[in-house]
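The chain contents come next:
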Amino acid sequence: MKVVLKNLTKRFPNRDKRIHEDVVAVDNFDFEIPDGKLIGLLGPSGCGKSTTLNLISGLETPTSGRIFFGEDDVTDLPPENRGIGLVFQNYALYPHLTVRKNILFPLENLKGEQKLSKEEMNAKAEEAARLVQIENLMDRKPAEMSGGQQQRVAIARALVKRPRVLLLDEPLSNLDARLRLQTREEIRRIQRETGITTVFVTHDQEEAMSISDRIVVMKEGVVQQIGEPQEVYDHPENLFVAKFLGTPAINVFRGKVEGGRLILGEDDVLPVSGLSDREVWVGIRPEGFIPREDGPLSCTLEAVEVMGRDTSVVSRHAASENETIRSIISTEERAGIRGDTVRFALKPYKVFLFDVETEEKLPFRAE
Amino acid sequence: MKKNNWKAWIYLLPAVLFLGVFMVYPLVDVFVYSLEEGYNSASQTFWGTGLYNFSYVLHDPYFLQAVKNTFILVIITVPLSTGIALLISLGLSSISKVKELFQTVYFLPYVTNTLAVGLVFMILFKKTAYSEGLVNLLINWFGGKSVDFITGPYWAKMFVLCFYTVWVVMPFKILILTSALASVNKDYYSAARIDATPPWRVFTRITLPMISPMIFYLVITGFIGAFKAYSDAVALFGTDLNAAGMNTMVGYIYDMLYGNSGGYPSYASAAALILFAVVLTITCINLLVSRKRVSV
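If you read the protein sequences in the order shown, they are chains A and B. The opening position of the first sequence corresponds to residue 15 in our numbering, with each subsequent residue numbered one higher. The opening position of the second sequence corresponds to residue 6 in our numbering, with each subsequent residue numbered one higher.
If we strip away everything but chain B, and leave its shape as in the complex, we get (with noise of 0.2 Å):
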């Protein structure tokens, strides 16, 4: 055995090759710049090596504004989205007819562009020197007063995004959790039939343990996705999202390493690591709850 390890390892070659310089090295080269201060992209040169990055990012008013962001993000599209594919998926399961259909229509914001999805929100909620936005228009209808929910007030700009992030996430959610209502064996459902099972606690007691594995699957993968949101806010409200006050975590690592005020990589670094540490806290709370509450 001992004999022929070479060859396993030649085998394995290509693909911890690829992994070693795509995913190891920038891993490894990530931390080590997050620890060099002063580190000069040009002349590849930098002063000295300490946490001042770490220091500086979780200073900067610009990072606290993209953490407070994405963290709102975060709280308020996850579990919404995952009830609101829940309650359509049910829907969805329950009729039988126009079932494809709806399936299709509701599987389209999927394969449609993020910009192009952007635009469409834009039409639906920017002011322009000739619209009002279609929004505010209802609102009007309504009685209400306009408002701006592109350049306007915080919280009419995090409702957009917010919305569209929802928006944007629901179909795979939705087609996640449809297959895994479908997935459950119909036998179930006919023991509880006999047994004068009320509805709410065929949902509570069978549906839901049910497909627990995968609604967890779900809002891990939500967390660690809406953690990472950056294009969204892009497609709404441009790419200066600090001028907009929307920028998010991994806006922010970009910006310092492309953006106007670019050139950064220790700070990007550091933002980097930061986040990473964030979504592994998360990801691990997660998992610990799912320990407890998660069936099968």
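For reference, chain A alone in the conformation it holds in the complex (with noise of 0.2 Å):
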């Protein structure tokens, strides 16, 4: 079920009743889901991807767009009649119910030609369970599992009636580093085990990045960009999106461009043709210095931090808008590293200039 969304838009009255001016928590959103394809809605808190969320789930009414699933317009819909499975943030599983009560929960609600007997809930409820993988938990309660459990207990009782989308609200936030791990990748296999359209709202660029088919960048209720993770990445559309993405995160450096030269401090350290002269900020990812010791750009030397399979250099730069630069290399290029200065060449496409104004992405090229 692919799901459209049409110049979305939610504003909420102020809550600071001195403000007459509402707040708008999403802008305008136009967006179509691909069927059977998981969207992450990526931004940070307060970016109005859960109301995003809430709006494709019918538990809030946009003020203005319309919301389509397939061809069906949901947007006046009530949620109970939109088919769709929300996951909660804390997972809202009924405390007093053991997994299997929880799991029957919404077949129960039945009615009419859609009643089903004992038997074939029962038998829905198992294979809700054993897709999840907690058909052995059956008869325990909530409070005797541990999150990791619950969640998918969640993700059963939300997949339990077939729904035509599932949308999962911080799936992960509740989890410690390791079963987060593991429970994306469960969440990947079972959408694509289900086929079922799936959304789910993350502040964790990583999570993000590495399960979606496509991610939403949002910001201040307005989408920054949409796309591939990888695409996402290798292509920012302004300062946000490039800041957003990656661990560690971006280096920005406040920068000009001068006789299609790029000028960071006093260092003349990539050509760049295709712009005027101008001031920009230019951000550069991690992985993309090269120790060199003609490297155009000097940088005075903080530390050298060993992480196993690669190195991180912390350095200074005049230039630099972070007190630190930090960047990425691997370990064999270590060993130029000495002294109170290290230089460093770019690698011309991790580097990404920006407007100083707009802060929108200004394409240039390297040569």
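Treat each hint with caution, since some may be false.
The list that follows gives simulated cross-link-like pairs (lysine-lysine, BS3-like), each with its CA atoms no further than 25 Å apart [to be verified]:
| # | chain 1 | residue 1 | chain 2 | residue 2 |
| --- | --- | --- | --- | --- |
| 1 | A | K115 | B | K297 |
| 2 | A | K233 | A | K20 |
| 3 | B | K104 | A | K31 |
| 4 | B | K102 | A | K175 |
| 5 | A | K129 | A | K115 |
| 6 | B | K191 | A | K115 |
| 7 | A | K155 | B | K191 |
| 8 | B | K297 | A | K155 |
| 9 | A | K175 | A | K138 |
| 10 | B | K102 | A | K31 |
Chain B side only, calculated, beta carbon under 8 Å to chain A, not exhaustive [as the list claims (entries may be wrong)]:
| # | residue |
| --- | --- |
| 11 | D192 |
| 12 | Y193 |
| 13 | I199 |
| 14 | R206 |
| 15 | I211 |
Worth flagging that the hints you see were computed from the coordinates, not collected in a lab. Built from N, CA and C at the ideal position, the CB exists for glycine as well.
Join the two chains, each given in its own frame, into one complex according to the hints.
Shown next as structure tokens:
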């Protein structure tokens, strides 16, 4: 089932009653989620991603704009008639019911023609439980399970009615780091097996990048960029997206373009053609640095952190926006780094230029 | 560790002393009194020891009347007040606009003096030389005959007492239940909504189990409170409750100690222990039932 969001807008009255201007939680969201894909809504807290999810689920009604599931306009349908499954951030499992009863709960509400016999319901519940691999925990209560197991129960409960769309609100935020890795694989697997169009919300870019078919980066209710994770990472549309994706974060410099050369402080680091002389924001991914003795970018060495496979070099540069620059190099390249200064050459495709005012991407050729 | 034990005891001393003097000693004393036959409080002497006091109390028609009154009161008011409080709380939590106002209104009886409330009930129910009482006026309006609620038939007096008790205990229950309802995570309701759960099922399968610990708490304290009822009856029917036939178990104990027929601490002690046994039994039954029913 494809999901289409057309000019979706949601305004809330301001909490501060003295301010009469509404808060725009979601601003003109336009997006078509292809059938059977896993979409990650990504952004810092307060960016409107959860509101977007609630709009799709029907728990919130949009101020304007339409929502379509396939060809059906569901904008005015209440949540129960939309055919969605929703997994809450805190799972919202009924604590007094066993896992089995929790999963059966949505089925027991079915009325009329949809009504199922006890056996059918049990079979469906078992099937959902098998899908998330909790079939041996069916008689436990939620409190007797780990966070990861509760998460699975919540997914099973959301899936048992075979929803047209599955929505997950911060599905991994209550899990510890190891479980998070495991569970995100699990979500990916379940989504692939069922083929249900799935939207999940997260503030963790790594989470979104690792399992999504597409990610939607949002900021203050406005969609910043939509695309495949790698594509968004490699071609950020603006400074915000560049900063938000990637760990360690991108290094931002204040630089200028002069006569087709990119100047950082006093270092002439890269040829950039296609741009007039101007001031720019320069983003350089940590993996975009190559330590070289005759490299054009000269930095003061702070520390070298060895992390096994990679080495992280912490240094300073006058033009850097952050206090330190963090670059990731392979361990073999480390040998040359000693003394007080370290010099880098840059990989041009890891360097992004943004307008100082609009912070939009400035396309250039590195030649 | 052992060496410092005396220090711990010194820290505990104020509390232990207080509890010992005002709780433990009186309890032991009550027990002792109840076994001393023919105790005379003036000369502080008694004939012998045994269970005669219990036998006397259990054969005393006034005590039996008090037990009957107390049980009727408990059985009627506890479920009724809890049920009505739950309904009002549900109503309160589903409105948003003038919620605070209603909450205040419903809480007012809690901060009102028992005797003042008693006075209001007098005006409502009591016949005087000048007035039939407001309730009787209403009954007359609908073509009924006046009922003497304060000195009239037993059922009328019991009705007033129950009505009064329910009204007095309601605010606290509403307070507890509204906060219990408010503390149920909204996500449960959202989840139920998405699953198209009918309202009645939401109430019985989600709301009720979620607040069941609080309901249970209210039932237990309600039972205990109703068994200890006394001042309410006094406020309505005056201090000579035996004559009015509206005495309660605590009222009987008080009368045995200080009332017109006072000066019998042994009988009072025996009655107090019987009351204690009753309350303990009921509370144990409550606990047993709740272990099966109350979740979380």
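Hints and how they fare:
no., hint, in the structure
1, A:K115 <-> B:K297, "holds (17 Å)"
2, A:K233 <-> A:K20, "holds (18 Å)"
3, B:K104 <-> A:K31, "holds (19 Å)"
4, B:K102 <-> A:K175, "violated (37 Å)"
5, A:K129 <-> A:K115, "holds (17 Å)"
6, B:K191 <-> A:K115, "holds (20 Å)"
7, A:K155 <-> B:K191, "holds (20 Å)"
8, B:K297 <-> A:K155, "holds (15 Å)"
9, A:K175 <-> A:K138, "holds (8 Å)"
10, B:K102 <-> A:K31, "holds (16 Å)"
11, D192, "holds (4 Å)"
12, Y193, "holds (5 Å)"
13, I199, "holds (5 Å)"
14, R206, "holds (7 Å)"
15, I211, "holds (6 Å)"
Taken one by one, the earlier hints fail for this structure only at number 4.
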